[in-house]
Amino acid sequence: MQPVVANPEPALTRSELIEDLAASHPHLREADVALIVATIFDEIAAALARGERVELRGFGAFTVKQRSARIGRNPRTGETVQVDEKSAPHFRAGKELRDRLNIAVG
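Residue numbering for the sequence shown follows numbering that gives the first Met the number 0, starting at 0 and increasing by one per position.
If you are wondering where the hints come from, they were derived from the structure by calculation, not from laboratory data. Possibly wrong hints are sitting among the right ones.
What the hints assert, rightly or not - Straight line, CA to CA, 20 Å or less: simulated EDC-like cross-link-like pairs of lysine to aspartate or glutamate: (1) Lys64 to Asp31; (2) Lys64 to Glu95; (3) Lys64 to Glu54; (4) Lys64 to Glu84; (5) Lys64 to Glu51; (6) Lys94 to Glu54; (7) Lys64 to Glu78.
Computed from a prediction, not measured in an experiment: that's the story for all the values here.
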């Protein structure tokens with residue numbers, strides 16, 4: 000099995016996203032773009048907290064997955080610990096996004 004190699008390219012941060020959107024939409028102030036981005040992210044998080052599915056056509060869908068309780072191991076000490084049940088966000092890319100990524104890669 001080959002080791003997983005981290006992506007050498009830097010990730011797009013929220014502030015960079017806001018800057019890019021503001022630059023491509025000069026009729027909007029950067030503060031307005033920041034409010035729009037924050038509102039969209041807040042609404043997605045609120046819907047997931049309510050247990051709802053968020054689908055953005057052509058992009059993908061966010062859902063909440065339940066992870067059951069289990070016995071884990073502390074990696075530092077090797078001691079067994081009880082890990083409680085928890086919810087975790089899950090993203091599944093849409094067909095259009097997958098196709099665009101495969102064109103860029105291939």
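Practice problem: Sort out which numbered hints this structure fails and list those numbers smallest first. | Solution: Violated hints: 1, 2 and 7; rest satisfied.
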